[in-house]
Each structure stands twice: as structure tokens, then as C-alpha cells.
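Here is how the chains run, residue by residue.
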Amino acid sequence: MKNSAVLIIPSHPKFLSVLRGLTAAMGELSGMTTMEIEDVKLAVDEACSNVIKYAYSGDEGKRITVKFRIAKDRFEVIMEDTGIKTHPEFIKGRSLEDVRPGGLGIHLIKRAFDVFAFDEKKKKGNRLTLIRHKKNIKKSNEH
Amino acid sequence: MNIEITDHKGNKVIAVSGDIDMYSSPALRKELLSLIDKKAANLLVDLSRVSYIDSSGIATFVEGLKMMKAGGYGGRLKLIGMPEGIMEIFRFSKLDNIFEIYGNVDDALNS
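First to last, the protein sequences are chains A and B.
Residue 119 in the working numbering is what sits at position 119 of the first sequence, and the numbering runs on without skipping anything.
Residue 55 in the working numbering is what sits at position 55 of the second sequence, and the numbering runs on without skipping anything.
Bear in mind the hints are in silico, worked out from the structure with no lab data behind them.
Bear in mind the structure is a predicted one, so any value in this text is a computation, not a measurement.
Any given hint could be a false lead.
Unchecked claim - Derived CB-CB ranges, DEER-like:
(1) Ser111(B) - Arg111(A): 38 to 46 Å
(2) Asp98(A) - Glu4(B): 28 to 36 Å
(3) Gly72(B) - Arg94(A): 23 to 31 Å
(4) Gly31(A) - Gly10(B): 44 to 52 Å
(5) Lys53(A) - Pro83(B): 21 to 29 Å
Said to hold, decoys possible - Reference excerpt, derived from the structure (chain A facing chain B, CB under 7 Å, subset only):
(6) Glu46
(7) Ser49
(8) Glu80
(9) Ile84
Even for Gly, the Cβ is constructed at its ideal location relative to N, Cα and C.
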């Protein structure tokens, strides 16, 4: 449990700001730069918005659990819900050349995290693991 | 998020402040699309006091731009005072060349 935190929020969009606040605080504790924190905060927000929109189909009365772990070599976020199963093979954002509303969130998640993986063994709901390796500092500073 | 709509030399200026996210973007969408419905010729969105934007906020502006173009009345949507952090997301999304982006109201109106 060292260097970890857990947040349980209702699946209501008004709690996204609470999640962003904790994400930023954990990013700061892990030694990220301001730019990295902004990227990670946006990515975690996008992942949680997807849970509300797709796994819970907009139902605001469900629960989302977000676990943060800071390790020497990584920043890890695990997001769990009990909603509709996500099929990773169908998750793909729009081409960035194709300008239209929507389809951008997945790109914003993948630019901040090196690992974006659903636990296919979870029977009910979803468990999404996001990992950002610490060697990846350069990635953000290149913006 | 807070939205203020003012007139500046006959043009509508929507000044947004705070966070634009999945919770707040529907209110912004409503105001933006309402002004487009009224065929606002120059619609300026002041983002200088926006501290955060997610993909739902970006989608709101993309939808607004598409509606203005589809309206066929020659209206222009201009984004002004964009903070660097938000500009960076527009660049990453390859939207910096799609939108008209200006430093301030006067630059936007003189374009």
C-alpha cells in the first residue's frame, strides 16, 4: 500500500474534477513535470469519461474505483467498473486527419501512458490498467 | 465553468472560464449552437481563462465549426486567447490548422 491511493466516485461527470485533482496530486508526488501532470490528468479523465459514457451508458448512479500506485520506475492507474464489458478490439479513435466530433479520447490516453490494457479475465465489468514508465519523461517534454 | 456572452462591435463574444469537461461541455454546446442557430456572423470564443479542456470540449468546438460551415451563411468561428496548454492539445489533435485561432479580439476582428 506504500505510495498508493484509492478513489471511489459515483459515475457522475461532476466527480471528474475530483479525479483530476487526485491524479494531479499523485503525479506531483511521483515527481512528474507540470506538463506530464497535465497529460496524465487529461488521460485519466478521458478514461473515466469513457466508463461513464460506454460501460455505464450514462447511468450516474454507479461506482468507479480508481487506484493509483507510484513505483520507482512507473506511475500506474487501475480503473474498475461494473458496467458493460469493453471489447478492446473495437476501441480505436478516429484518424487525427478525420476532423469530426469524438474519437479523440483514446489518442489522449495513449500519448500519456505506455500501457493501456483491459483485464480480460475480469468476469463482470472492466479493469483498465494504465502505466506510464518513468523513462518516458522525454515523451512529454517533446510537445 | 462559467460562460459570459457579450457584444463587441456587433460581434458575439463567448468568454469561457474554468474547466471544460464532460460535465460542463453540454452547457457550452447549448450556448454555442444557439448562437449559430441565430446565424451569428462572427462568433468569437475567448478561451484565455480556460484552465482545462478535454475531448468533449474539443468535440463541442468541432461540432460548432461544422455547423457554421454547413449553415452556408458565411459565419466564422474564431478562437481567441488560447492558453499554451490548450493550444498544445489542438496541435496534437491536428486542429490548429482547422480552426481560426487569434491572440485577442482585435486580431480576430481585423482578420
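Here's how the hints hold up against the structure:
In this structure the hint that Ser111(B) and Arg111(A) lie 38 to 46 Å apart at CB is violated, the actual value being about 31 Å. At roughly 33 Å, the beta-carbon separation of Asp98(A) and Glu4(B) lies within the given 28 to 36 Å, and the hint holds. In this structure the supplied range 23 to 31 Å holds for Gly72(B) paired with Arg94(A), their Cβ-Cβ distance being about 25 Å. Our hint of 44 to 52 Å for Gly31(A) and Gly10(B) holds, since their Cβ atoms are close to 51 Å apart.
As the Cβ distance of Lys53(A) to Pro83(B) is approximately 26 Å, the hint placing it in 21 to 29 Å holds. Because the closest C-beta pair between Glu46(A) and chain B is about 6 Å apart, less than 7 Å, the hint holds. A distance limit of 7 Å between C-beta atoms decides the matter here; for Ser49(A) the minimum to chain B is near 5 Å, and the interface restraint holds. Nearest Cβ of chain B to the Cβ of Glu80(A): about 19 Å, over the 7 Å cut. The hint is violated.
Interface hint status for Ile84(A): violated, as the beta-carbon distance to the closest one in chain B is roughly 18 Å, over 7 Å.
Of the hints listed earlier, those the structure fails to meet are numbers 1, 8 and 9, in rising order.
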